[in-house]
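Work out the full structure, taking the sequences as your base and the hints as a guide.
Residue strings, one per chain:
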Amino acid sequence: MKKSVIVFLLVFLLCACSSEKEKVIFPADNSTSLKPIMQKQDSIHGYKGVINEEDILVAIYINRFDRFNKTKIEKKISKQIEKKFPEKKVLVTGDQKIIWEVESIIDKKLKEEELRKSIEKIKSLSKEET
Amino acid sequence: MVNTFGTLQFTAKVCIANTGIVVGPVEKDSTYADSFDEVLSLETEKDETNEQAHSRMIEKACQWAAKKSHTQVDKVDVLIGGDLINQLSPTNFAARNLAIPFLGVFSACASSMESVILGCLLLESGNARTVLAGASSHHQAVERQFRYPLEYGTQKPKTSQWTVTGAGFSLLEKDIKNAPVVTHATIGKVVDSYQTNPLHMGAAMASAARDTIERHLTNTNSKIADFDVIMTGDLGNIGISILKEMFQDENTGVVLQDAGAQFYGKDKFFNAGGSGAGCSATVFFGQVYEQLKKGFYKRVLLVATGALLSPLTFQQGETIPCIAHAIECRMEKRG
Amino acid sequence: MDQKQFQKIIDDKNPKVPYFMNILKAFIVGGIICTIGQLITFFYMRFFPFTEGTAANPTVATLVFIAMVLTGTGLYKKIAQIGGAGSAVPVTGFGNAVISAAIEHKSEGYVLGVGGNMFKLAGSVILFGVLSAFVVALIKTILVNIGVVSW
Chain A
129 MKKSVIVFLL
139 VFLLCACSSE
149 KEKVIFPADN
159 STSLKPIMQK
169 QDSIHGYKGV
179 INEEDILVAI
189 YINRFDRFNK
199 TKIEKKISKQ
209 IEKKFPEKKV
219 LVTGDQKIIW
229 EVESIIDKKL
239 KEEELRKSIE
249 KIKSLSKEET
Chain B
127 MVNTFGTLQF
137 TAKVCIANTG
147 IVVGPVEKDS
157 TYADSFDEVL
167 SLETEKDETN
177 EQAHSRMIEK
187 ACQWAAKKSH
197 TQVDKVDVLI
207 GGDLINQLSP
217 TNFAARNLAI
227 PFLGVFSACA
237 SSMESVILGC
247 LLLESGNART
257 VLAGASSHHQ
267 AVERQFRYPL
277 EYGTQKPKTS
287 QWTVTGAGFS
297 LLEKDIKNAP
307 VVTHATIGKV
317 VDSYQTNPLH
327 MGAAMASAAR
337 DTIERHLTNT
347 NSKIADFDVI
357 MTGDLGNIGI
367 SILKEMFQDE
377 NTGVVLQDAG
387 AQFYGKDKFF
397 NAGGSGAGCS
407 ATVFFGQVYE
417 QLKKGFYKRV
427 LLVATGALLS
437 PLTFQQGETI
447 PCIAHAIECR
457 MEKRG
Chain C
126 MDQKQFQKII
136 DDKNPKVPYF
146 MNILKAFIVG
156 GIICTIGQLI
166 TFFYMRFFPF
176 TEGTAANPTV
186 ATLVFIAMVL
196 TGTGLYKKIA
206 QIGGAGSAVP
216 VTGFGNAVIS
226 AAIEHKSEGY
236 VLGVGGNMFK
246 LAGSVILFGV
256 LSAFVVALIK
266 TILVNIGVVS
276 W
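Chains as they are written, first to last, in this note's numbering: chain A, 129 to 258; chain B, 127 to 461; chain C, 126 to 276.
What the hints contain is simulated information worked out from the structure, not anything from laboratory work.
Some clues are possibly wrong.
[Unchecked claim] Simulated coverage check for chain B against chain C, where a stretch passes if three residues somewhere in it have a Cβ under 8 Å from a Cβ of chain C:
| no. | segment |
| --- | --- |
| 1 | 269-277 |
| 2 | 337-343 |
| 3 | 368-380 |
[Claimed, not checked] Not close to chain C: a few residues of chain B, all C-beta gaps over 10 Å, as computed:
| no. | residue |
| --- | --- |
| 4 | LYS186 |
| 5 | ASP203 |
| 6 | ALA254 |
| 7 | ILE364 |
[To be verified] FRET-style restraints, in silico, Cβ to Cβ:
| no. | chain 1 | residue 1 | chain 2 | residue 2 | range |
| --- | --- | --- | --- | --- | --- |
| 8 | B | PHE272 | C | ASP127 | 42 to 50 Å |
| 9 | B | GLN374 | C | LYS203 | 38 to 46 Å |
| 10 | B | ASN323 | C | LYS203 | 22 to 30 Å |
All figures in this text were calculated on a predicted structure; none of them were measured in a lab.
Glycine included, every Cβ here is placed at the ideal spot set by N, Cα and C.
Here it is in structure tokens:
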């Protein structure tokens, strides 16, 4: 009984945090100037971005121990992006929920109008206070 | 009656005529379970408070003691009893329903022996013919008053004890055949050994027990080996080993026993064992009384120990003063 | 026999407290409770429009509800006997303190009994929680104003 519990816990521990996240910007044709900014960040190990005419939405996978500085990292990256794209509204976040939402947008390959709507939805989500 | 330094000698042949013992459901698996008259199926009946259940248990124990002597409770001259709850309310309320002259006593878990001592004095002086004496405790009611709410999750240390739900009452009468006689009693002193941990009362009470036993032995000119058993009330596993260590007498190993330490057997759940006024009362009037009656024990010393603390005093950082009252019972040859 | 000798006997006879085992058990029990909490958070984030920040509230409510059921059925004190601090420190321990007091004092009526005694144990948690939050915020404010750290 005791042994099986230990084995289970070990497997559980080893399984965690092993998959490398992808680095995607959607739609891909807009990504040329955004990618270099994201590539040089060392406190994240992946990102998923969505761009349309008005907004830039980037969900970042922050490294395990950098999560303590989550808000700082978000702020830093979003400032760098704002510099490059002064005409667009930028949202950078490491929130798991928004990562999932962005992933689902990318998976569904949404078109113009729907894309705008979902971005609005995500923005309102992230504004909600606890 | 002769009094030497707190040890009373009874000359009037005061007997424990019969006893009545009622315990709660947890005590069903006790090592002493055979000697209990009634085991309640629930700690509290539906819509009943802990305190109501407590006083109902006391009433039942008194009725059992009277019934076994083929008499009625209201024929008893005096009821003496005590418990651990504030202002003795459970015993007071039970006495209201029993409607007999009543004396309430309190020395925490030593109340069981204190009431017997007072009962013997009443009989000895000829002011009463029958006396009901005993004590009781109710786990839930005590836990709630002295510690935390019942369902509150705290880790209990190995030194903590489980308050017994039980009531033990004895019917004292003079000149009964085939019944153990109370020959001596030693009134305890309040002894303080500067212990402050309310979850380790065995250590605090051990020195009180030692003081009383030692005084009893010197005052009656006897030694530990003269007794079949010297039984303490509720020192618990650790408390009794401390007491044995303090005596440093080779006979303590067999003679010195503790009701609390043996009450629940070896069950780890109860940590150091049972405690409470009900623990000493149910064991002394149950198992020990039966053994006396059967003639296995000829001479026993029953020492009930009590920790005189209240939730107020230990939170104010006071030490735990303790007291121990003892009675010596002898069984004459059957005949 | 004087006090010193007596104290020595007591110290000899006192059972050793298994600190290491207690710490290990507290770690495992506390860890399990927190893992369940994390799973509930993920559940709320997955199936409801909650973000990491906002999912904390319904998670706490759910955990307190679970603690309530466990307290009412008498299971929580068994967990606490094993877990010790591991079961007292998470929010379930707070829930247990409130609910056990409420159950206990129901016999004195709802206003003076339950209402008056519900926070008998948990009251100090609230008081010192607020106090320590205030002190920590004060320290941080001072540090930020001096310029040692930033928000």
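Now for the hints, and whether the structure bears them out:
1. 269-277: Result for this restraint: holds, n = 5.
2. 337-343: That given contact is violated, which follows from only 0 residues of the segment 337-343 of chain B lying within Cβ reach (below 8 Å) of chain C.
3. 368-380: This one holds; 3 residues, not fewer than the three required, reach chain C with a Cβ under 8 Å.
4. LYS186: holds (21 Å)
5. ASP203: At about 35 Å from chain C, ASP203 of chain B clears the 10 Å cut-off, so the statement holds.
6. ALA254: holds (36 Å)
7. ILE364: violated (6 Å)
8. B:PHE272 / C:ASP127: 42 to 50 Å: About 30 Å separates the Cβ atoms of PHE272 of chain B and ASP127 of chain C, which means 42 to 50 Å is violated.
9. B:GLN374 / C:LYS203: 38 to 46 Å: holds (40 Å)
10. B:ASN323 / C:LYS203: 22 to 30 Å: With a Cβ separation near 23 Å, ASN323 of chain B and LYS203 of chain C satisfy 22 to 30 Å, so the hint holds.
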